[in-house]
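Undergrad: For reference, the chains in residue letters:
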Amino acid sequence: MLAPDPATRQPLLRLTGVHTHIGGYHILHGVDLQVAHGELAVLLGRNGAGKTTTLRTIMGLWRASSGSIHFDGADITNLATSAIARAGIAYVPENMAVFSDLTVRENLVLAARDGPLDTARVDWLCGFFPALRTFWHRPAGNLSGGQKQMVAIARAIVEPRKLLLVDEPTKGLAPAIVHSLMAAFRELKAQGATILLVEQNVHVVRALGDTASVMDGGRVVHAGPMALLAGDAALQQRLLGLSLDTQP
Amino acid sequence: MLRQLLSGDLPRSRSLTALLVVIVLGLALAPFLTSGARPLNTAATICVYIVLVASYDLLLGYTGIVSFAHTMFYGIGAYGIGLALARVDEPTWGVAMTGLGLALLLALVLALVVGLFALRVQAIFYAMITLAVASSFAVLSSQLSDFTGGEDGVTFSVPHVLSPAYRLVEHEVSGRHLDGRLLTYYVVFFGCLLLFLFLLRLVNSPFGRVLQAIRENAFRAEALGYRTMVYRIWANVLAALTASLAGALMALWLRYVGPKTSLGFEVMTDILLIVVIGGMGTMYGAVVGATLFILAQNYLKDWMAHGAAALDGVPVLAAALHPDRWMLWLGLLFILSIYWFPIGIVGKLRLRAWLAARS
Amino acid sequence: MSIAPAVPSADAQLPATRRDIAPLLLVPALMLAMLPLVGSWSTWVTLTVAGLAMGMMIFIMASGLTLVFGLMNVINFGHGAFIAVGAFSATLVLLPLRGWLAMDSLILNLGVLALAIVVAMLVTALLGWAFERLLIQPVYGQHLKQILVTMGGMILAEQLIHVVWGAGTIAVPLPTALRGAFLLGDAAIDKYRLVAVAVGLVVFVAMYLILNRTKVGLLVRAGVEHGEMVEALGYRIRRLFVLVFAAGAGLAGLGGVMWGLYKETLTAAMGGEIMVMLFIVIIIGGLGSVGGCFIGALLMALVANYTGFLAPGIALVSGIVLMISVLLWRPAGLYATGRG
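Chains as they are written, first to last, in the numbering used here: chain A, 1 to 248; chain B, 1 to 359; chain C, 1 to 340.
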């Protein structure tokens, strides 16, 4: 009898009872969340439900006041943000946080902590995001919103990372760019990356997500396979106030 | 009745009350409790510094504005009255008041101009700009030495009633002649008392509360409908005018004005030290802090000299205890106060009393 | 929930933003404009070189201050401490070796000077490190306390200078080979001023190269914009802070040495005295901008020198007038970094 492969048993990321207070406001009220190896987990919920706060807490940008966060077997709850990043988590924030004064190349160089830029990987990235090549030596501040988003995501994957936290990448972007992003995510998934995606674009959610967790009022109120949520219109209406059935 | 006098801002701590009573009585009766010129000088300086620091507390502690221009206004008041009295043959009250009036006008205009220009920007900007303005003013006044007496300053005579030659009554009371100096002392004392009570009234009024709201969260205050700029400018102007009056009283007492005593950066540092150690945003912190500071400045140095003599031979320590190095220890105390004593002496006393009352 | 709006994508190439060269033209423009006003060529040369030299020294002293503010959002009212301590530390080399300084050998003189500078910079960098850990780190984000605490630090440093070096002033005569002037036609150009200009240019170029060509420089530039994201990319930004702070302190020490030699006397208060000028310069340049600081320093020194000649009465307030003029043109300084 073969011993069960530990990698498929333990989730890569596990939040247990995480509470977060910000400036006196109690935002997260005991979040329980799991992301398995190799899956693309989608975090859904209305505005203000606590999705961004959850990502920021995982990243250590906000301290969890109680509860625990385990990543790849280790307890990262009270680690500094830089340590959490070095443990293998990459973060693409909602506002992208692209360094405007630095060129696209410099943005990527900075993100490539472990060594010089891998040209093969860069080529692969430029395949998805041609704008990177075009603006390679231009200050990133000159780029449009969609192009900046490409830079932000390229930054997160310029070196392989164990987990990607991505916060609403398609917000306000044109369909063509959303298309490129989706292709990139699909490719990443195929390569075995694990992604926790906060997203409100229903098309993206349905097409990419393996599992769906829904947040409301600082808690996860539903978690399960995407198929479960996608197949239950009443559930969708109750949790999200809309239907996931809309076509792009 | 006392409550009304103090505008409802009671000490709220037995130790603090006792301390304040001792200080006020001490200052009130100083001429009769002590002999000689030095203690009286110390007492007068304490009175003036109390008002000077309290007016700075209005800006820093209550409104949250860091300004380095405060000594400039202090100096303007001093020079106003001093230069006026120096330039005439017959020092009369009229001349003195005219000088003072012009000084107050200048202070008002400057406070308004600086406020309007700079209070709209971030706190750091404002601090740096006031620093630049104040130092330019100091340099300018030492340049115009024909008018201002330059580095040496100007001595002048005061109205006859205040001069040492004047006698109210012929015989002494408790070792002191009831002369012009005594009268001057009480002019200073009561003047400062009135100004202090005025400031106390100010910070405990609705105006004062808005200032504190602005200090806590200017954005919110603005959202609540208060035009924060207007309030800040008002605070700036009132603090400046009070400082000028304090300067005028000091000039009257010293019968001398000079850049070192009025415009120098040393005075600004002293004010900052006192307001932090005494307790920001309390007004009484200025009273306690100024008293301790001036007493230390005048008498601690003697102790340090003893200490240095005792340690003669020990290389660094002897130098560190040299009386000229008293700023070293004060600077250390200042830094420590900011971390561990952020509420200052007064705050600490009140906290203790409050905790004791709760248990 | 949003469906991405069906508008044509803004993917089309944006026109390149024009480089902001207006501030760069200010210094040459000023120099040229003053030539006819000053009248005499030789006087103009003397004034300009003096202005450039002083400007370079001020730049060296102020660069650390503005960089620290831009990166860490920390305002250091005690920066003058590094200047004074740097100058005094240099005497540890300059005084014992004054024999070599008295000899008319350029190599020896420059050698001793270089050694003095190295010592000064090491001492001040160390002091800067201590400053950051003990005084500044506890008060990140609280500007009011920063102002107070750093002022306290400067008082402390000044007093400690008195304790260690005595209460008086120390005279530091210029090295013999650096005294005197070159003659360019009618114009006399002080040798030491040339050295100051050279050192200033070296520092500026070095800073430019470090900021733009090295990873550390990359981190600093990124950190000025978005410290949190730098941290999220895996870098310990606190270490960067300490490094930059210590480097800024070291630069101030270098500036102090140059400034002390320029005045040929050292006083414990020399750092504090110059703080106002430094603040004016970094406000003019834009808080956080090294390039702006460079231009601002040169402008201020040149303006002070020119007005000192043309209109001595206003020379002392020329700094303030310049500051106000620049702020009226660009309220956040010549190069706004989004911080100030």
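In case anyone wonders, no lab produced these hints; they're calculated from the structure. Just so you know, not all the hints are guaranteed correct.
Claimed, not checked - If you anchor each label on the Cβ, the simulated ranges turn out as follows: (1) C/ALA198 - A/TYR25: 51 to 59 Å; (2) C/ILE324 - B/ASP146: 21 to 29 Å; (3) C/ALA33 - B/GLY150: 31 to 39 Å.
Idealized CB from N, CA, C, for every residue including glycine.
Undergrad: Does each hint hold? Answer for all of them.
TA: Verification of the hints:
1. C/ALA198 - A/TYR25: 51 to 59 Å: 57 Å, holds
2. C/ILE324 - B/ASP146: 21 to 29 Å: With Cβ atoms ~27 Å apart, the hint holds.
3. C/ALA33 - B/GLY150: 31 to 39 Å: 34 Å, holds
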